[in-house]
Amino acid sequence: MADSEFLFNMDHGYLEGLCRGFRSGILTQGDYLNLVQCETLEDLKLHLQSTDYGTFLQNEPSPLQVATIDDKLREKLVIEFQHLRNHSLAPLSQFLDYITYMIDNIILLITGTLHQRAISELLPKCHPLGSFEQMASISIASTPAELYNAVLVDTPLAPFFVECISEQDMDEMNIEIIRNTLYKAYLESFYNFCQNIGGATAEVMGQILSFEADRRCFIITINSFGTELSKDDRAKLYPRCGQLYPDGLVKLAKADDYDQVQNVAQYYGEYRNIFDNVGNGPSEKTLEDRFFEHEVKLNVLAFQQQFHFGVFYSWLKLKEQESRNVVWIAECIAQRNRGKIDNYVPIF
Amino acid sequence: EMTLAQLFLQSDSAYACVRELGELLNPDVNAFQRKFVSEVRRCDELERKLRFLKHEIEKESIPIINLESNFVAPLPREMIDLEARLDHSETDIREINKHQIALKRNLLDLIEFRAILSKANHFFLEAEDAPFHQAQEVTEDDMRSLLIEDGMPEKSIQSPRPMNFLSGVINRDHLTSFERVVWRISRGNAFFRYIELDTPLEDPKTGELIYKCAFMIFLQGNHLRSRMMKICEGFSATIYPCSDDAEVRREAFSQVEVRIQDLRSVINETEHHRHRVLVTASEDLVMWMIQTKKMKAIYHTLNMFNVDITQKCLIAECWCPVQELDNIQSALKRGTDESGSSVPSILNRMITKLEPPTYYRLNKFTSAFQGIVDAYGVATYREANPALFTVITFPFLFAVMFGDSGHGLLMFLFALWLILNEKKFSRAKNMGEIFNTVFGGRYVVLLMGLFAIYTGLIYNDCFSLSFNIFGTAWTFPNISEGFLYDHPTYQLNPNVSFPGGPYPFGIDPETVNLILVVVAVICVPWMLILKPLYLRWRHKRRGHMPKTRKGGNVYVQLSDDDNMNDEYTTYHNEEIEISEPANDEEEFDFGNVMVLQAIHTIEFCLGCISNTASYLRLWALSLAHAELSEVLWNMVLHIGLSFKGSVGSILIFGTFCGWAGLTIAILLVMEGLSAFLHALRLHWVEFQNKFYSGEGYLFDPFSFDKILQEDEDLEDIL
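Line by line, the protein sequences give chains A and B.
Take the first sequence: its position 282, counted from the start at 1, is 283 in the working numbering, and no numbers get skipped.
Take the second sequence: its position 213, counted from the start at 1, is 216 in the working numbering, and no numbers get skipped.
Treat each hint with caution, since some may be false.
[Stated by the list, open to error] Just a few of them, taken from the derived set where beta-carbon distance is under 10 Å, the chain A residues facing chain B: (1) Asp-44; (2) Lys-46; (3) His-128; (4) Leu-130; (5) Glu-134; (6) Ala-137; (7) Ser-138; (8) Ile-139; (9) Ala-142; (10) Thr-144; (11) Val-152; (12) Val-154; (13) Glu-189.
The hints are simulated quantities; they were obtained by calculation from the structure and are not laboratory data.
Since the structure is predicted, the reported quantities are computational estimates derived from the model, not experimental observations.
The beta-carbon is built from N, C-alpha and C at its ideal position, and this holds for glycine as well.
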């Protein structure tokens, strides 16, 4: 699809430029060094003012709360993303629609309802990028089939949900299974979509999404130890678009403990590195952090190529990581627990 | 001339001193250290409150009064007062707002309820007519039995009906998906009816208008009802209890009506109160804003100071114009006096090899011309400033290309109008970018117009027509053609054919030409040999000079405090020590200078040849201008003039309009822009590259005026 790259700028050039501009606003190592030295959240605000965030906190009365910072960070990100989405043309618009948070929101709502929380309390916690009109009425559904028939049938998630309908009732375990099945279907569909677009998009997004798929496989396997999830059921949850597919997944499906998972990872260069440097000590990084680091690396690399959609995805993911970092630092400052303040994931 | 100076301020008087400096305009302070972060933060907080007030005031559309904009920055102790006052007004208004929102929410609920009550009749009627009724007609018996089996009260029969229904109000945008979900959840067993409310309702929080719909769902069974309630909650629809008895409804309606009346009057009351509070706030708002901005600027500047070891004084280096030194000293003195500190603040000139910034004292006339030069490059420190020439050459070169006295006159009048209304325009800010550009260059345009009149007179062109103003100076006796050949004096030879010269005004180009060529030729050896030799001579002479001269700078009397005195002296001595080797480092390599000058000379010579061709644009554009205006005259207005009678008068009017419009659009605006552009190029490339390096940087003084002007919060007020 080489000609799609020749014509790329015609439809998407402006947005790509905009996105690259947004990327330049991502905090650098120097900014983090400044942030880490802050004594109070007010200092943090002052420092953030000198970055691309500018005056985003200027109308907040002091004392500042971490939650406010979190909200404002997200608000800014959402505004930027929606600006891109509103100006995009197909297939970019479709691509951007793929990067939303509907699955997370649905799971959050179902879990919340399961625990008897009021819907009005749950709604603000949903990610604004994944909200949809029918969202609020999720609480009436008591079985997945009902959920599908009453609520999800005319949302974009419907095709992914078809596989989950068989489950009988909603408990913690089933919700987890629903979540993972949804993610599996979603990832595979997104992956295929990117491959169909072709060109650099297929290449860049292929790498990122196959890593995402593999990460899910590893984490599902590790989390399944000690639960009543059978190996067959577990194998059904593995997204099949990563590097692990097919041999790795077969081996993972048989794994019984963490060491066996690690053995599977040994066959793959990147994953071996990730698993090799994992520890549980205070100065060592957890597996999750290592995965995040690798994700950040892949996303940063996405900006090395031009004329593809990967930059949009990567920008959003990097920005999310940045929000997590800032919130982490803010939490450390607020709780006066500076020991772990350096555990953020640096981006640039 | 600029000088680097060191500024010593006592901690207690520092604020007052900087305050005085800011009012004055001057020094450009830079250094680091953050001692006043908390104060900056307090200012931020003040700004936030002010923005909140301003927002509220604007929402009420109360005009913000701005009688005078010259408020002196407050003293630090006044800051606390200001904080208290602002805090008071902010909490006041927030309190009122909260109250008001609660009241409005109540009102909204009541209005919605009233709407439901008034629409209910309609719903019930519809419910009777619609599907149930029709079904009844078809298979009445079946229906009846079915309904009874389902435990449904006998709705379709005209018996008293304890109906199961929900009534409420929902946002219009949610309506369709709401209806769909209701249908799906009930599997089609609910009867959904809605009516749009005619008047949009006000959202209590944002004050926006929202369109809502009243709806009613008829359904069966308590289970379904509770699920419907959940859906309503999910779609943030408000459910109101509504009786199916018309009599009860009517009673409720009148009750609600009364309550709405009461609530309205209460809301009006609070609104009045709020308005009063805001009006009081709006009176002082501008003053507060300016004061806060100034304070913030002061603390920002103070943050750039270095704190010395004893924590007692702040030190910074700054650039300041030598001319202003006295002013600065007296400002410092005023600042010290005001703060009541016994130790004076000190401004200390330093010698440095740092390249000083370039600072011009500009007025509104020269600033536009300086802008033309600065866009090319800011002059290196103390370099000859081409803006001086530009003041005349720029409009002149423009006018050579724009030579038409009629067009020039129009342009002149336009610029004159701008200048006469200068005050009005500069106060009204948002006139659009294009207008602001033209307005900024109004004096340039004025001169361009004047010069265009001048060249137009020389060309004898006024709207492409010639005038015989001066009469001909050519003596022309009664002669034949052959006579001309025989007597060359009668040909148009400028030297002989005119008594008293061919140019009644202006300059004789022939002599000027000669002078310029000679100067250009002299420049070559001058640049190639004389300049390097002179540089070498100057360097040698300086090498022999005694070094003692360097310590002799302005030194301000220090305080009586011995301790301090010592400290300052050591600082001072250190400075001298640093500056001495600095000057010696300036190496002089004669070969290098020669090569550099040779390059410059070659560039100059090449430039003289190739740029001459560039100047042809003067001729080309002036020709184009003349041709265009002639075309306009011949093809438009002239045609109109050739008609006679009443038709002619209408045609003349029409063609004149066309001609005038085209003249303004094409000849004045378009041609003016293109001539401007070419004049600009001739200055930047052909003129300035022969002598102007432009590698300096601008002096950026600390000035309240500038800070206030650049602030966006104040933009629409001042």
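Okay, the hints, checked on the actual structure:
The criterion of a C-beta within 10 Å of any C-beta in chain B is met by Asp-44 of chain A, whose closest approach is roughly 7 Å, and the hint holds. Taken as an interface hint, Lys-46 of chain A checks out: its beta carbon lies about 8 Å from the nearest beta carbon of chain B, inside 10 Å. For His-128 of chain A, the interface hint is violated, the least distance from its beta-carbon to any beta-carbon of chain B being 17 Å, above 10 Å. Given hint, Leu-130 of chain A at the interface with chain B, is violated; its Cβ is 19 Å from that chain's nearest Cβ, farther than 10 Å.
Residue-level restraint check for Glu-134 of chain A holds (minimum Cβ-Cβ distance to chain B is 4 Å; threshold 10 Å). Checking Ala-137 of chain A against chain B by beta carbon gives a least distance of about 3 Å; that is within 10 Å, so the hint holds. A hinted interface residue such as Ser-138 of chain A counts as satisfied when its beta carbon comes closer than 10 Å to some beta carbon of chain B; here the least separation is about 4 Å, so the hint holds. Because the closest C-beta pair between Ile-139 of chain A and chain B is about 7 Å apart, less than 10 Å, the hint holds.
Look at Ala-142 of chain A: its Cβ gets to within about 9 Å of chain B, closer than 10 Å, so that hint holds up. The interface hint given for Thr-144 of chain A is broken, as the beta carbon of that residue sits about 13 Å from the closest beta carbon of chain B, more than 10 Å. Taking 10 Å as the C-beta cut-off, the interface hint given for Val-152 of chain A holds, the closest approach to chain B being about 7 Å. For Val-154 of chain A, the interface hint holds, the least distance from its beta-carbon to any beta-carbon of chain B being 7 Å, beneath 10 Å.
Given hint, Glu-189 of chain A at the interface with chain B, is violated; its Cβ is 28 Å from that chain's nearest Cβ, farther than 10 Å.
Comparing the model with each numbered hint stated earlier shows that hints 3, 4, 10, 13 do not hold.
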